[in-house]
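Protein chains: 2
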Amino acid sequence: MKIMVQKYGGTSVAGLERMKKVLSRVSKGVEEGFKVVVVLSAMSGETNKLIGLAKEFSSEPDSEEMDALVATGENVSVALFSILAKDNGIKAKSLQGWQVPILTTDAYKKARIVSIDAQKMRAMLEDIDVLVVAGFQGVDCHGRVTTLGRGGSDTTGVALAAALKADVCEIYTDVDGVFTTDPRVCSAARKLDVVSYDEMLELASSGSKVLQIRSVEFAKKYNVPVRVRSTFTDDPGTLVTQEDAMMEDLVISGIAFDRDQCRITVAKVKDKPGVAAAIFGAIAKQRILVDMIIQNTSSDGYTDMTFTISRADLDQTMAILEGVCKEIGAEGVQHDLNVAKVSVVGVGMRNHSGVASTMFQALQEENINIKLIATSEIKITCLIDEKYIELAVRALHTAFGLDKKAVQAC
Amino acid sequence: MKIMVQKYGGTSVAGLERMKKVLSRVSKGVEEGFKVVVVLSAMSGETNKLIGLAKEFSSEPDSEEMDALVATGENVSVALFSILAKDNGIKAKSLQGWQVPILTTDAYKKARIVSIDAQKMRAMLEDIDVLVVAGFQGVDCHGRVTTLGRGGSDTTGVALAAALKADVCEIYTDVDGVFTTDPRVCSAARKLDVVSYDEMLELASSGSKVLQIRSVEFAKKYNVPVRVRSTFTDDPGTLVTQEDAMMEDLVISGIAFDRDQCRITVAKVKDKPGVAAAIFGAIAKQRILVDMIIQNTSSDGYTDMTFTISRADLDQTMAILEGVCKEIGAEGVQHDLNVAKVSVVGVGMRNHSGVASTMFQALQEENINIKLIATSEIKITCLIDEKYIELAVRALHTAFGLDKKAVQAC
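Sequence lines, in order, name chains A and B. Residue 1186 in the numbering used here sits at position 251 of the first sequence, with consecutive numbering throughout. Residue 996 in the numbering used here sits at position 61 of the second sequence, with consecutive numbering throughout.
To be clear, the hints were calculated from the coordinates, so they are not data collected in a lab. These numbers were taken from a predicted model, which means no experiment stands behind them. Mixed in with the good hints, there may be bad ones.
Pairs count within a copy or across copies, as identical chains cannot be separated in the list.
No farther apart than 25 Å at their CA atoms in a straight line, the calculated lysine-lysine pairs in the DSS-like style are these [to be verified]:
no., residue 1, residue 2
1, K937, K1155
2, K1026, K1044
3, K1144, K963
4, K990, K1155
5, K1045, K1156
6, K984, K955
7, K1100, K937
8, K1220, K1026
9, K990, K956
10, K955, K990
11, K1100, K990
12, K1339, K1144
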């Protein structure tokens, strides 16, 4: 049995005409001899409408009931699409999360998939050509409806492909694939034919929104090659796959950036054990995500502790640090909202020296000052003044040979 | 454990303000020491909206998928109400049909309830004060979502009360209870305090829309006293219960009428075995419901066969009869659209003679000609010219002593 998983987002199922486009792609798969598992999101706008409705009923709607509420959006999509498919003579059937079942944890609003009954689905596929599965949702051990968090339909698609050992997993969206950087900022940006799981993870966590991070983690863990492509064009898209399967050998595969950064510096803290734990323990307790963390070398027994957070968390973080500062005897806390981060990402930097210096030089040539530096195995990130962010992206895109028609690395 | 079942229709849950009214009633039940099982319909208009959407996708939407689609309407209601209840500090939980579970047949769009897991619900009620159950829906043995047909939420309410052996079963609607006749036609109509199951069945099948027929059958079968009352007033409503529990001893408890009637006469058919079977067998095959059936005494070996159907079925019925007429050698078929039926209903007529003659005399005094007569144990129905229907209802209402302030039977 040849199985193909296709996931379509909210804009791809918004209304009859768009669903017809989806149906023609699904039909093509069936004609080619595949059993097709279609994962659908709610029609665009529907989930926000339901959340808005709930907010009228309570300023803090109960999470468990919230999941039961918003999951109805996907249920409408799968029933309507199945009606359309059957009307066109295709053997189809809709499946809500509990009907698969997709068993998840009971962490409502951000549940994680525990298991999927692939055997039952394969048995259904003996008689049925197209199973239409509601994305973003599952059921927990108490028999309650859960949701996987925003963008969770990507994860549903990849998890189903993994469980079913599908031959093909395609994530359809409204862009042509994964780009070297955001084309709205850098007109020379070009689509990548192939990208590795690790690069995709770094790109996703650095601002690229084309795939949800957890779906990439899932794909990597179960080694599911994922093709990201557009519902609205015939472009083959980008294949997200294992490193060794990659055809291209670019050192750097993309430039990511993120404006939602705020730099915090806790000044003149004693350089002794327990200080970092006191600061970041207090912040983590409030579930605030800290991004970059830098501690400079100590001089005269004191050091500065600098880190970045999302701008929305600034007020809460400052309130927490006020208390912590007294406790650890720090001099004070400064913050800077006019910053943004830019990253170069590529598995090739593992084997190539000089990536960091190329990056720093490119920024220096544009007179852009670097405020913080952080590195991982396949990524180098610089925090800079926000006003330079577009300039930095374009300069780095050119410096690393990513511009259109220039496929050679530096 | 004292259990109260309360069912609310679509107008009672349309929006936050109305749901708050529902919540205050539910809270009162909790304060009085009841565990409350609340059955909700979809917000008014939502089911029709979903059906309209499906009709865009297919002229004949698949029934199985249709049920999955429209059931989302009730799921939105129960999640929102639970959010509101929890926000007000009440221990509440929503339950969709499959979560109860309410097991039904797999006759999609008109499924019948097979069983309800009352033990599981009672166990939940140990911790939870208010269970909010989606009306109108269930799950079949294949794990598919089913619906019980229009008005099915009444049946859900009564069935839950029966399964849970509830102490109280209240059906909330937008009228004050069951009336002696439609107050829009007869201003002297008055609300009944008590009505028997059988009378309610006859009233429901003769045009009164206050309770769905199947819910009354269910109540009768399991002897569940049902109180029909308004969400919007404090009127105690009407108790639908066993005959022997009734306090009032009216001969006639109500005048029902139905304009949606069309009279068909198959003229001059041979009076021999098999003729009725040929006619009504052919009609039943097309799932057309026949209401009154009259066959006059035969003269010279021929008879006329007369019956009534819903006006919407006229064209299809005439097409069927064209073929049947040739087969059985009938002279021809006539039809009459300008008819309506009026019925007097009451268990008292079992022990009182003269009800039929009182009815015929009252109609005669208004010069209303009777076209057909049909009787059951507790109902007499006359087919008359449609233009006289309001006049007939008012005349009979007075003749049988049903007018306001006149509580004595004729």
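To see whether the hints hold, each was checked on the structure:
1. K937 with K1155: Within one copy only: 21 Å inside a chain, 54 Å across chains, cut-off 25 Å.
2. K1026 with K1044: between (33 Å within a copy, 20 Å between copies)
3. K1144 with K963: neither (28 Å within a copy, 49 Å between copies)
4. K990 with K1155: neither (37 Å within a copy, 42 Å between copies)
5. K1045 with K1156: Within one copy, since 19 Å is at most 25 Å while 46 Å is not.
6. K984 with K955: both (24 Å within a copy, 20 Å between copies)
7. K1100 with K937: Within one copy, since 9 Å is at most 25 Å while 52 Å is not.
8. K1220 with K1026: Neither, since 50 Å and 28 Å both go past 25 Å.
9. K990 with K956: Result: close only across copies, 18 Å inter versus 34 Å intra.
10. K955 with K990: between (33 Å within a copy, 15 Å between copies)
11. K1100 with K990: Classified as neither: same-chain Cα gap 40 Å, cross-chain 36 Å, threshold 25 Å.
12. K1339 with K1144: Answer is within; shortest intra-copy Cα gap is 21 Å, inter-copy 70 Å.
Checked against the numbered hints given earlier, the structure breaks hints 3, 4, 8 and 11 and satisfies all the rest.
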